[in-house]
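Asker: For reference, the chains in residue letters:
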Amino acid sequence: MPSDLTRLRNFCIIAHIDHGKSTLADRLLDLTHAVSERNMRAQYLDKMDLERERGITIKAQAVRLAYTAADRREYVLNLIDTPGHVDFTYEVSRALAACEGAVLLVDAAQGIEAQTLANLYLAVEADLAVIPVINKIDLPAAQPDRVAREIEQVLGVPAEEMLRVSAKTGEGVPELLEAVVHRVPPPKGDPDAPARALVFDSLYDPYRGVIAYLRMVDGRLARNDRVRMMAVGHVSEAEEVGAFAPEAVATQELRAGEVGYLIPGVKDVRQVRVGDTVTTAGRPAAEPLPGYREPRPMVYSGLYPIEGDDFPDLRDALDRLRLNDAALAYEPESSTALGFGFRCGFLGLLHMDIVRERLEREFDLALITTAPNVAYRVTLETGETIMVSNPSELPPAGSIQRIEEPYVAAMVLCPADYIGPVMDLCQGRRGELGTMEYLSEERVELRYQLPLGEIIFDFFDQLKSRTRGYASLDYEPSGYREADLVKVDLLLQGEPVDAFSAIVHKDKAYAYGRAMTSKLKRLIPRQLYEVPIQATIGAKVIARETIAARRKDVLAKCYGGDVTRKRKLLERQKEGKRRMKQIGRVEVPQEAFVAALRTDEG
Amino acid sequence: MTTVLASPAPAAPLLDPTCFGVYVHVPFCLTRCHYCDFVTYTGMEGLRGPYAAALLDEAAMAARALGPEPPVVTSVFVGGGTPTLLPPGDLARVLARLRALLPLAPDAEVTVEANPETVDQAVAGGLVEAGVTRVSMGAQSFDDRVLATLGRVHDAARVTAAVAALRAAGVPAVNLDLIYGGPGEDAGSWSATLAAAVALRPEHLSAYALTIEPATKFGRLVAAGRMAEPDEDQLADRYDTARAVLAGAGYGHYEISNWAALGPGEPADVLPAHASRHNLTYWRRGRYLGLGAGAHEFDGETRRWNLPGVPAYLKAVRAGRRPTEGQERLDPGQARFEALALRLRTADGLERAEARVLGVDPSGPNAAELREAGLLAPGPGLRLTERGMFLHGEVVARLA
Chain P
10 MPSDLTRLRN FCIIAHIDHG KSTLADRLLD LTHAVSERNM RAQYLDKMDL
60 ERERGITIKA QAVRLAYTAA DRREYVLNLI DTPGHVDFTY EVSRALAACE
110 GAVLLVDAAQ GIEAQTLANL YLAVEADLAV IPVINKIDLP AAQPDRVARE
160 IEQVLGVPAE EMLRVSAKTG EGVPELLEAV VHRVPPPKGD PDAPARALVF
210 DSLYDPYRGV IAYLRMVDGR LARNDRVRMM AVGHVSEAEE VGAFAPEAVA
260 TQELRAGEVG YLIPGVKDVR QVRVGDTVTT AGRPAAEPLP GYREPRPMVY
310 SGLYPIEGDD FPDLRDALDR LRLNDAALAY EPESSTALGF GFRCGFLGLL
360 HMDIVRERLE REFDLALITT APNVAYRVTL ETGETIMVSN PSELPPAGSI
410 QRIEEPYVAA MVLCPADYIG PVMDLCQGRR GELGTMEYLS EERVELRYQL
460 PLGEIIFDFF DQLKSRTRGY ASLDYEPSGY READLVKVDL LLQGEPVDAF
510 SAIVHKDKAY AYGRAMTSKL KRLIPRQLYE VPIQATIGAK VIARETIAAR
560 RKDVLAKCYG GDVTRKRKLL ERQKEGKRRM KQIGRVEVPQ EAFVAALRTD
610 EG
Chain S
11 MTTVLASPAP AAPLLDPTCF GVYVHVPFCL TRCHYCDFVT YTGMEGLRGP
61 YAAALLDEAA MAARALGPEP PVVTSVFVGG GTPTLLPPGD LARVLARLRA
111 LLPLAPDAEV TVEANPETVD QAVAGGLVEA GVTRVSMGAQ SFDDRVLATL
161 GRVHDAARVT AAVAALRAAG VPAVNLDLIY GGPGEDAGSW SATLAAAVAL
211 RPEHLSAYAL TIEPATKFGR LVAAGRMAEP DEDQLADRYD TARAVLAGAG
261 YGHYEISNWA ALGPGEPADV LPAHASRHNL TYWRRGRYLG LGAGAHEFDG
311 ETRRWNLPGV PAYLKAVRAG RRPTEGQERL DPGQARFEAL ALRLRTADGL
361 ERAEARVLGV DPSGPNAAEL REAGLLAPGP GLRLTERGMF LHGEVVARLA
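Just so you know, the protein sequences line up as chains P and S, in that order.
When you number the first sequence by the working numbering, it's gap-free, plus one each residue, and the end is 611.
When you number the second sequence by the working numbering, it's gap-free, plus one each residue, and the end is 410.
Just so you know, these hints were derived from the structure itself, not from any lab.
There's no promise every hint is true.
Unchecked claim - Selected chain S positions facing chain P (Cβ under 7 Å, derived; list incomplete):
hint, residue
1, Tyr-51
2, Gly-53
3, Met-54
4, Ala-246
5, Arg-313
6, Glu-348
7, His-402
8, Gly-403
To be verified - Computed spacing ranges between beta-carbons, pair by pair:
hint, chain 1, residue 1, chain 2, residue 2, range
9, S, Arg-236, P, Pro-541, 31 to 37 Å
10, S, Pro-113, P, Lys-586, 52 to 58 Å
11, P, Glu-539, S, Pro-224, 29 to 35 Å
Ideal Cβ positions, reconstructed from N, Cα and C, are used throughout, including at glycine.
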């Protein structure tokens, strides 16, 4: 490894999902012979099965590439992979902070997408050198000239400075490596100053404990150093430091400018947080690196085991997941309808899906998830302010002075033809249009202020379906705003079903009430008695349906040859009854709750 | 006779020792009806003679197993299939063999099932000669359009003619089976069917809600989305109509799907004299032999059933074995559950002491709620109301 910083380049790739980032990373690994043929597999950097299946990158990864450039000198290129989803914007910003340059990868057929643009702005803010690259030029639908114009509009970079590649065929990729060497500046940093390293990612390994991904900014870190996490305050002894080439390789030390890993001998990722600064306990830095932030859940949902007996298993599973997911927050709660479970906080909807899928897949749990909601800031008449992340816990309307809800600044990129449908959708979700800007004649950037609660249901699906898949979305929190919000409760024969309580805007309360009452009427089987289903705001009924009393539940025939079979049918019916949830006198099958909580139907 | 039925030993709801039935299965039909999933086969003409012979042999084996002092047979039921498809004389031989092998009560009920298209004067005469006391006929409907959609080959006129033939031959009791809720039926055609059935003054009527079984033509149509499942409210409406019409015509509703003509002054709230003694044996958990392919039997503890296939049945009998396909011995909990489910089917229900033997508190909260909902009749025991009869499953699930 060259010892001087001038031969070092730290860079990342900014790209939209499916624009070919993982394929490009594979090609770079090929060209630098970082992975032997035997170990090469598609999308090398994506480690988790889930990532490979969904084709997205959840955890940032880093890899060191040894590259002999056209000038015959050897360079070390550290490629830092970044997550490509709006839920993980903070993680992206930390990965960018670990780099001096960014490859902006844009699909030649699709053009710039919202997340790419958002991440590009982050990169520009972080003062990174940006290398625009148009990918998939081998595709018949490729329009590299149009895409070049878009990039020019956004970045102000002349078209001739953009590279045109096909990560699939490898065309243009050698030129890209040269560009990284020549356009990305070498890292700066004081090798003799007290150690400061940025944690841009961390993960939990069952054998080694937490592994922190680091960018050394100043000084050096060596094995056996006493290391201190400056924000969290945790001190431990460095068991190992090293680089990824691409598998972890232990080294003597990490020096200013380098990218690598640290095994601090810690069992819990919450002690090694993304954005924190590592220093040495013996000679600590005076100031941490800027930009640390506690992970902040944006979306909440109740997770309940379908089988009540699985509650302890769910607790264990969450405890174990938290070992490598510092952003996952949860606390136990109980529901009359669903029994014991946890109220969980997530970075966003994808994060929620990933956690739920991992719980079901890796821990074999069958779960019910309540409809996702945001956290409301509620100011009581007493002047006290509380946060409410479970709608059923909203205090009575009379004791509330005001309710505020979280807003996001959203950016939608779409073809100009779809401006109308996109604006309709955003207005229907109480959006306020900020700016509208043409990136080219065909593509428009719309900026909206939207309540987060309005986009966590099916906003993205709606956006996609109204624009035939051409729109993309990115957003970031933009504070709280007061709104005319009410709590809608659902009552079965006068008994509230807490799992269905929702905080919604007053104008939408009736629609929600009608939708839920008719859905429940469809899903709940007829009972011994007529069962009224009501949606209420406080004491006021806003929607009502009635489930008629059951009239037939009988095996019409039962003779000598049927007794065994018919007895088994009745035994099964009795068993089914045992598994029903009792809401007052109403028996509700678990499946009805599950179906009613699904957001993708009716 | 009524004393035997209406006064069981009060603390023995698990087994009625006063009855002992013999069921004989004849698994042959001319065509298969669209709703039927019974053990029966079309064709197989060549096997009918050998089958009748095997029934004689199986009867002998079953009788031997009962030991030197077999119980007195209180009922025989030859069902199917279509028993009247057996070669002439074979049915009589089977009944005669049973009489020779087992003691038959002097007032024993001997029922044979028949389809209208197979009954004429000669057949009816033969049945009476063979000692048949009761003929149960699959009329199903008196609406020809409905009969066609059910896949029946007869028409309404044929039913009337068959009943006349049975009467003329001197058959003491006639039952008609009816089905409601089938495609093509409406409220009017069902009322008309009930009126036509009542006009023939059968001693007994069974009316069944159409049940879609998977392995039937209807089952396949429903699975393919080409036919709707019978609607709950519509079936309940039809049932209400049947209850009203039959009560008005002097029939006592003594089991969920069964009615018997009441004699002059006969009370409507006990089991009627014309109730099917053989079927009451099933509902009262009496013992019965089961002979023939797919037949089931119950010895008071174990339920046992025969191989359903005719060739396999013949092979086993020729080898000198009962052609057993399977059996299950009920544990005490299962037996109590079964007794509760069976005994609640009939209008007499369970005495207070009987309910307690089955582990159900007739004044407990579950029973009280069912009474309040109008599914159980007021009183110390457990008895379904008319509405409760059509919610039997719910009642059993709540009480058990």
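Asker: Look at each hint and say if it fits the structure.
Answerer: Status of the hints after comparison with the structure:
| no. | hint | verdict |
| --- | --- | --- |
| 1 | Tyr-51 | violated (16 Å) |
| 2 | Gly-53 | violated (22 Å) |
| 3 | Met-54 | violated (20 Å) |
| 4 | Ala-246 | holds (4 Å) |
| 5 | Arg-313 | holds (5 Å) |
| 6 | Glu-348 | holds (5 Å) |
| 7 | His-402 | holds (5 Å) |
| 8 | Gly-403 | holds (4 Å) |
| 9 | S:Arg-236 / P:Pro-541: 31 to 37 Å | holds (36 Å) |
| 10 | S:Pro-113 / P:Lys-586: 52 to 58 Å | violated (45 Å) |
| 11 | P:Glu-539 / S:Pro-224: 29 to 35 Å | holds (32 Å) |
Consistency note: the structure conflicts with the earlier hints numbered 1, 2, 3, 10.
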